[in-house]
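Participant: Chain residues, written in single-letter form:
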Amino acid sequence: MRVVLQQLTKRFGAVTAVDALDLEIKSGEFVGLLGPSGCGKTTTLLMIAGIYRPTGGAIVFGDHRVEHLMPKDRGIGMVFQSYALYPHMTVAQNIGFPLAMRRGVAGDEITRRVREAAALVHVDGLLARKPAQLSGGQQQRVALARALVKRPDILLLDEPLSNLDARLRHEMRGEIKRLQKEVGITAIFVTHDQLEALTMADRVALMSDARLQAYATPKELYERPVNQFVAEFIGSPPMNFFAAELGRRNGSVLATAQGIEIELPPARAPRGDGQRQATVGIRPEHLAIVAPGAGHANGEIYVIEPMGREQIVDVQIGERRLRAIAPPGFSAPLGASVGLRAAVDQLHLFDPAGGERLA
Amino acid sequence: MTGTTLPAPRAPFRPQTLIPYAVLVLATLPILVLYVWLTYSSFFPRIEGFRPVGPFTLENWRFLWDPGSVDQLRNKPAIIPLTINTFLFAISTSVVVVLISSMAGYALSRLPFPGRRMFLGGVLLLHSFPSVTLLIATFIVLRQLGLYDRLLGVILVKAAFELPFGVWIMKGFFDTVPWELEMAALVDGASRLRTWWRIVMPLVKPGLLALGILTFVQGWNEFILPFVFMPSGSQQTLSTFVRAILGEGRFVDYGLLTAVGLYYVAPVLVLFVVAQDQLMRVYAGGVKG
Amino acid sequence: MNSTALLFMGPAALLVILFFFVPVVITLGLSLTDAATATGLSNWKWIGLDNYDQIARGSFTMLIIRNTIFYVLVTLAFNVVVGLGIALLSTHVEAKAGGFFRALWLLPRISPSAVYAIMWVWAAAAPPFGIMNDVLSPVGVAPRDWLNTDPWVIVILVNGFVGASLGMLVFTSAINSIPEDLFRAARVDGASAWQIVRRITLPLIRWPVLFVLVYQTMSLMASYEYILLTTNGGPGLYTTEVWSLWAFHTALSNYYGNLEFGLGAAMAAGLVVIGLVVSFTMLRLFRFDELVSDPRVEIT
Ligand SMILES: Nc1ncnc2c1ncn2[C@@H]1O[C@H](COP(=O)(O)OP(=O)(O)OP(=O)(O)O)[C@@H](O)[C@H]1O
Ligand SMILES: [Mg+2]
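The listed protein sequences correspond, in order, to chains C, H and W. The numbering used here numbers the first residue of the first sequence as 757 and each following residue consecutively. The numbering used here numbers the first residue of the second sequence as 75 and each following residue consecutively. The numbering used here numbers the first residue of the third sequence as 16 and each following residue consecutively.
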């Protein structure tokens, strides 16, 4: 089912938790709500679920506005960050609870559907246990089964993976994505982990300070961030930024800063002549370490952090430091002089004033 | 260095460490002696100070099986109906308080409604307010309601007086239930009423039990309310019965009195030993005792 | 107010209205009437402040005020000092032992007042019966019939041993909530046990102490149950009668058979007003900050 948020706003007293949020989620789409802590993700989800009343704006499911509906009448299933399994009920009773709350679902049908839902998430062997006797990953699966058992139109997940260890998180990431596609359900999940959002979601809504910053596919977010906040938030290690002067030489645009000079390809240069200053962004993976003088900038090695698959190298250039990624074989003493070469077609230019993308 | 071959240092015994125990024992002795003496006295025909006069006997306990032969009990209600009365009073008070407190405590902990802060303030205010000062007016209210001299009336008054404490304690217990559980139940299709009954109430069971036991004990012990509001003999409770024997004047049969007293206090002592942890928790949670 | 909240709050609100609000109003109203069993309950009339006037002129009023002040102050001192002592000692010793002693101190509070009173009356009985004489004569106290010769001693002991447990409980939980590291640090710094109590524990529990002082003062002023059960204000005329017991005797239980509701209500009205003012102050002072958080589910 399609979900549309229009100018959705929530204030708690003086705090604006969600500010005029516009979002359209297509039927069957899997959308990640990403943003730093406190930016209003959970609040948005709880408004969709019907736990919070919006201060303003509209929530549309399909073709109907639902702000006035109780949670139970909205056709949603939800998985909470703490899983919120009912501690006094067995796994079977937990999964069956949403059905038991409905009028006219017969006992044997409940049993059958509980089994079905449990099998879907591979917890059919645990039905007699109490939540306290389950591991974190198993609790998570039970919570998923409980959210899905009544065959809701929309699935909401609040930080579904944040309580799991790194290994399980990786496993469940794939699992949830598979389930969502298999069931074909419209789903929204909240996370503050960009890797989770980028790997799982069809589209990512990036929020900060109660506002929507970007809404795009992971690929677009990574390749063409619409503003500096998005560019900085997406990608790990984060993008390098430096302030540069824009000038012209031989018909092409030149970005210069202390110790750095880069000729911009036409596709990455701002249109027109008006712009004299820009914040240039370049991802560490798009900076290569070369011999001194062979790149766009020269500097000394400040520190090297081996990460296994690759190494993160910080290079001091005058006052500033840029971060680059080097292959595992790379090695150099600290303080060694090196050059840095940027993949020029991967440069991003932002307006120093508002942070909007220039090109 | 080979530290392991050195002899382990032994902490020297310091007699000062026993001083706090000694002081505690000494200070607590009067209480202990009172209870031991109550028990002891009930099994001898006569006690002078620490010296029993006469042999061990069950004479004093005759009121249980042969009340007719006890002079002091002529014209007094029989012990079994009295006990039942007292039990009914205590259990009803307890049930009423637990039920009403857990409803109001839930609302105050969880439901948004206008005036919630004011209600919370009111509960706390009443919680420390000395309700015995209202007895005279309560007498008038009960008469107007036609509940004077009836068990139901005393139950309601007692429940009302215990209510602020109960509501406050239950609110405290509800506050500890995670919000997400309640949100989950609402999303799963439960109404607020069902969420309370099916999800939240089972999670505060220890609290319900503790409050239930405590108010049962308070009801079982209550003296002033039945004394004032239930004067007719047939409706007496054990407390007014004990007081009636005690109030007979100078020729009190202390053997009988201590036996009846022990009979009366025994269930409380048993409950206290069994449910001490819960009781201590509630006592410490709400300041009023 | 929506229906769910009304459903949940309703029964409690009803009881509170019936047995708190209405009685407060009735107490104040009744104190302006001459209602008594002598006038008949339906034949009363408004008499303005006559009852208050009568109390002010009463020949026993001063005696009873003196009694009340004496009783409250001495019992309060006993309650708080002993409560504090037991709390400090029982948290100082082994946890299990401490819990055991605290449980013993709770016994008087959880026992029926009637039984607890019997125990004291029996212990204080005249020679040769009471054990108090047996205990005290070796230390040079002449045997006596305590309830007749020294009724105040008994009244204060009875109330003192019950009331101490309140302070004990409050102080114990306050002491237990002091971070253990503070005590460890002090011990490392070489403080003695007494210095720790003096410099760390007491300053940190001053609010609970103040709370118990205020709360206990108020409940002692209002309570009379144990006096009623031991001396009943006697021996003789008003020897141990305190204000609240006086109101009770006047309006609800006396030997003359004339229950003077109006006069008794006037006596109680003072206590009711004090109770309201003190409770309100305590609410502001001690607890209101706990109330501020709003519900996180906005629907009912
Ligand atoms: N019930 C509430 N009352 C008052 N303020 C609230 C309430 N719930 C949330 N807020 C505030 O609204 C803002 C957004 O909160 P929200 O829980 O939606 O953040 P979040 O994006 O989910 O953060 P996190 O990643 O830490 O969970 C925060 O500033 C928070 O303090
Ligand atoms: Mg959140």
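Please note that a few of the clues may not be correct.
No farther apart than 20 Å at their CA atoms in a straight line, the calculated lysine to aspartate or glutamate pairs in the EDC-like style are these [stated by the list, open to error]:
#, chain 1, residue 1, chain 2, residue 2
1, C, Lys937, C, Asp965
2, H, Lys150, H, Glu122
3, C, Lys975, C, Asp1101
4, C, Lys828, H, Glu254
5, C, Lys975, C, Glu988
6, C, Lys886, H, Glu254
7, C, Lys933, C, Glu915
8, C, Lys937, C, Glu780
9, W, Lys111, H, Glu254
Treat the hints as calculated values from the structure; they're not laboratory data. Predicted model only: the values in this text are computed from it and were never measured.
Participant: Next step is simple, just say for each hint if it's right about the structure.
Facilitator: Hint check:
Straight-line distance between C-alpha atoms of Lys937 of chain C and Asp965 of chain C comes to about 31 Å, which puts the hinted pair past the 20 Å bound. Among the hinted pairs, Lys150 of chain H with Glu122 of chain H is inconsistent with the structure: their alpha-carbon atoms are about 28 Å apart, more than 20 Å. For the hint pairing Lys975 of chain C with Asp1101 of chain C, the CA-to-CA distance comes to about 16 Å; that is within 20 Å, so the pair holds. Proximity of Lys828 of chain C to Glu254 of chain H is assessed by CA-CA distance (about 15 Å); at most 20 Å being required, the pair is judged to hold.
Restraint check for Lys975 of chain C and Glu988 of chain C: the C-alpha separation of about 15 Å stays at or below 20 Å, so the hint holds. Restraint check for Lys886 of chain C and Glu254 of chain H: satisfied, since their Cα atoms lie roughly 18 Å apart, inside the 20 Å limit. For the proposed pair Lys933 of chain C and Glu915 of chain C, the alpha carbon gap of about 14 Å is at most 20 Å, so the pair holds. Straight-line distance between C-alpha atoms of Lys937 of chain C and Glu780 of chain C comes to about 19 Å, which keeps the hinted pair within the 20 Å bound.
As the CA atoms of Lys111 of chain W and Glu254 of chain H are separated by approximately 37 Å, the hinted pair breaks the 20 Å bound.
Of the numbered hints listed earlier, those contradicted by the structure are 1, 2 and 9.
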